[in-house]
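Heads up: the sequence lines are chains A and B, in that order. Heads up: the first sequence begins at 1 in the working numbering, then just goes up one per residue. Heads up: the second sequence begins at 1 in the working numbering, then just goes up one per residue.
Note that these hints are calculated values from the structure, not bench results. Keep in mind the model is a prediction, meaning the values are calculated, not measured. For each residue, glycine too, the CB sits at the ideal point set by N, CA and C. Hints are supplied without guarantee of correctness; some may be wrong.
Unchecked claim - Selected chain B positions facing chain A (Cβ under 8 Å, derived; list incomplete):
hint	residue
1	L61
2	H93
3	H95
4	M97
5	T98
6	P101
7	Q102
8	R115
9	N118
10	H120
11	M121
12	N149
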Amino acid sequence: MKAEPLSLLITILPLLATLSICVVLSNPSKAAENNPVDWTEREFALIQSLSLSQLPPQPPSPSNRYADNPSAASLGRAIFNDARFSANGEVSCATCHRQDYGFTDDLPRGLGIGVANRRTMPIVGMAYQKWFFWDGRADSLWSQTLGPLENPVEHGIDRHQVQQLVSAHYAQPYQQVFAGDATNQPVDQVFANTGKALAAHVRTVLPETTLFDLYADALRSDSNETSILTTAETRGLRLFVGKAKCVNCHNGPMFTNGEFHHSGTPDNGETDLGRGAAFSDLETTEFGFFGKWSDADPQADGDHIRFLDRNTHKYAGTFKTPTLRGVSDRPPYMHNGAFNSLAQVLNNYRAVSGSTLADEVFHGDLTDRDLVDLEAFLGTLSSNSNDFHN
Amino acid sequence: MHWLLLLLLSIFVLPDTAGAMDAIGKVRRERPEVLDTSATVATRYGTLQASYETDFLEVPLNGVHSWRLSLQDKQGQPVTGADIVLTADMPEHLHGMTTTPQVQDTQTPGLYLVRGMNFHMPGYWEVTLDISEAGSRHLLRFNLIVGENQRGPDRKGADES
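The shape of chain B in the complex, shown without the other chains (with noise of 0.2 Å):
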């Protein structure tokens, strides 16, 4: 009961606790408590599941580095052909990456290789995807904690001058 209480609350409050908002009209968002990272996120429907890979352990911090991206449709055949656009983001802070990063197609269907990924500070980030293919529309999200692993950061294949 009283969790449903705060949930009506938490509709009216939030925009004003969430924090500040820029002139473009982000939300400035602390990170969440619980926060799902998973590599692979699908649509409501799972009309559309997308995956992605590197090279690391753990997604570097202060590395340009490459992603490999993987679609997949409900039967989990490979989508090809997709027209991707990814962004990232820091919620916390209203900014993103450093670079401009780049989706490619592969020989291999269903694969994407994204290149000039560089996440330059630790903390919460997310990736937006915005996939439009066969003539729909979609919009999926990674969320990733960057740099707070105690292995600390990889190097493996990371670009440098």
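So that you can see chain A by itself, here it is in the shape it has in the complex (with noise of 0.2 Å):
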């Protein structure tokens, strides 16, 4: 063991300082009394923060005008399910992201014109992300909606097709959205405000109440209804909130910090930079939170891109927390589809916690019992239908 021999008596001051008034207080922590499966405060707390019920309202987007704008999102809705916006008339938004499959697809990577490099998103809770795409190389949701249509293995169009698509299809209420005429605005405008409507769609999708957020709430309530849950999944939820530690980064109501680890999914040999190498994207995009056609205040907004941690090291391969909500029913899963079942995810995380290709996910010893409770509370995530609010 190296270590510094002040950064050392620092670290350990305090922690005799505390110690020994935890021998005085001997004050172990308490089960919330009225609570029936004598969760502790702090898992109840925890609980609670995970529930659909803390979901605040969507925040603003300071970047996007229009965010809000119910034309704009049912201008963004119709061309977000309109095939002609691709190279081949076949291809829309909801090819991948498809309402039926929790907004993804059941594929490894995306299908478009091509074969994607990774796998869809689900696009659920969008409203509450700072960064997109999986190495977040998006800096707001109207650019990354600009993305897939450049993308020649996504839809594999340009700007100028969206201009004259804009233009020949959605004249009307494009210029009743935005005061101008699609064709004569310049061809940048044109194709900003297209990835601003498409945005203003895509923040009205929105997660269904699921199992977990009734128990939550029942729990809440005091209503004893905690059969809500069986006994496996509460074991699970438990696991989830403590000893497994998922908590860490699959956090708050959407199940997911929207930041960037590394969750040691194999990479089947394709080296995959991920976060590392999103950082000059984030630089050199003419369509950024700071650039030309933000409607943002660049000196109040964007400090989570002002004051970013822009080490391109420490971000190496690590991929943006996913969420957890509707997971089960949509395998494959993780960034480059490299899963097909949930065992598979949690025998993953078993495998390479506290090794250094998953320096931040360690979580005791998972025993099998554990794994499968784990999976049953994840399958409690999902609501039963198919009908997402939208």
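Got two chains here, each in a separate frame; can you build the complex from them with the hints?
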């Protein structure tokens, strides 16, 4: 063990102090009294923090002043489903982001004009995110939506074609929302506005209430309806917020912190630097948060970008924590579709725990039963219906 | 008597039980059962006192936000012109924030603005201030438990896309 004596001292001293206090007070964490499954206060608080009832109203999107404009959203919705916006007239956003499949698809890599280099992401609760794509290379939702349009393996068109298509098929709604003529405006402006309309639509895709949410609500209201979850599911939940430490990254009502982490997903020989390669994209894009077409106030807004830690080395091979809402309904998993089942995902977590592959994943020794129970719990994060608020 | 023994014992045993050590010599530490999480801390002899405020009831989880940081000397006078380096870490993980917050001076003497704070995991955080002023240097540390309040995440003013 090598350590600078000073830093060791700094770390040990407060520990000693608190240790002696602990000895004196000897105060084991108390279980919340009125609580049938005797959750500790900490567990109880974490469970509540994951519940949909804690989901705040959609935060504003300062870079897109049409973000909450209903006419922009309905224009965006039409374009989202319009396959004319593609090189072969067959691919729309909805081809990959399927409403009947949790707004993703069942493939290891998205399939448009060609094969995308990563798995399609579920696009539920996007208004609550700061970074977009697996590597977060887009700093706003509207600039994200422009990516697939010009990506040769997704829609395979370009901004000029977007302008023509909007002028030909959506001139009137465009005029109504953006108070301008799509035919005469600069091509980049029409392109950016199209993105803003798409973003306004995507923001309306919200998560559904699940069994877990009902359970959390029941706990809070003291209704004793704890049979909403089975014993295995309850045990899985306890592991999730406790020993297994899943809540470190999969936290908040969307079950994601929206940040980038090593989770030890095998790359099958194809190196993908993930977040580590995204910082230059953030700087070069003309449609960025601080760019010409953004509506943000460059002084007041965007602190998440201004103060971003851009350490390429530290973030090499990290990917955005995905939401776990609806997860059991939509295999495969991970940025590269490496796993076809939740059991495989969980086995891998156990295998990589504490290793350099996944330096932030550690969760004691998970037993076989723990994995089964965790999987049971993940199943409670799906609603039983396919009709999303949309 | 027996707690003295424990204290002695802990001096020798702790470095090992405290857990793994990473390459640069940081020690992974579990959250102590009792933690002083007050928003005002002082150096041992009270030479320097620091406190912070946010716009929120609780420090937000996953929300980029600012801190208003006040520095006072022993006499309660504002400490101006200090050079402050702030770092935030999770002792249980050896990982810090995904942002690099910066400390700025403000118009008010002794008041500093920290922009770019973002606690992206719930639990035990340490925010350390390395403060240089008038030829002396001090380390001050705030302990925080983030995201474990029952009210759930606040949102006002959190930074979004």
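Status of each hint after checking the structure:
| no. | hint | verdict |
| --- | --- | --- |
| 1 | L61 | holds (6 Å) |
| 2 | H93 | holds (6 Å) |
| 3 | H95 | holds (6 Å) |
| 4 | M97 | holds (7 Å) |
| 5 | T98 | holds (5 Å) |
| 6 | P101 | holds (6 Å) |
| 7 | Q102 | holds (6 Å) |
| 8 | R115 | holds (6 Å) |
| 9 | N118 | holds (7 Å) |
| 10 | H120 | holds (5 Å) |
| 11 | M121 | holds (5 Å) |
| 12 | N149 | holds (6 Å) |
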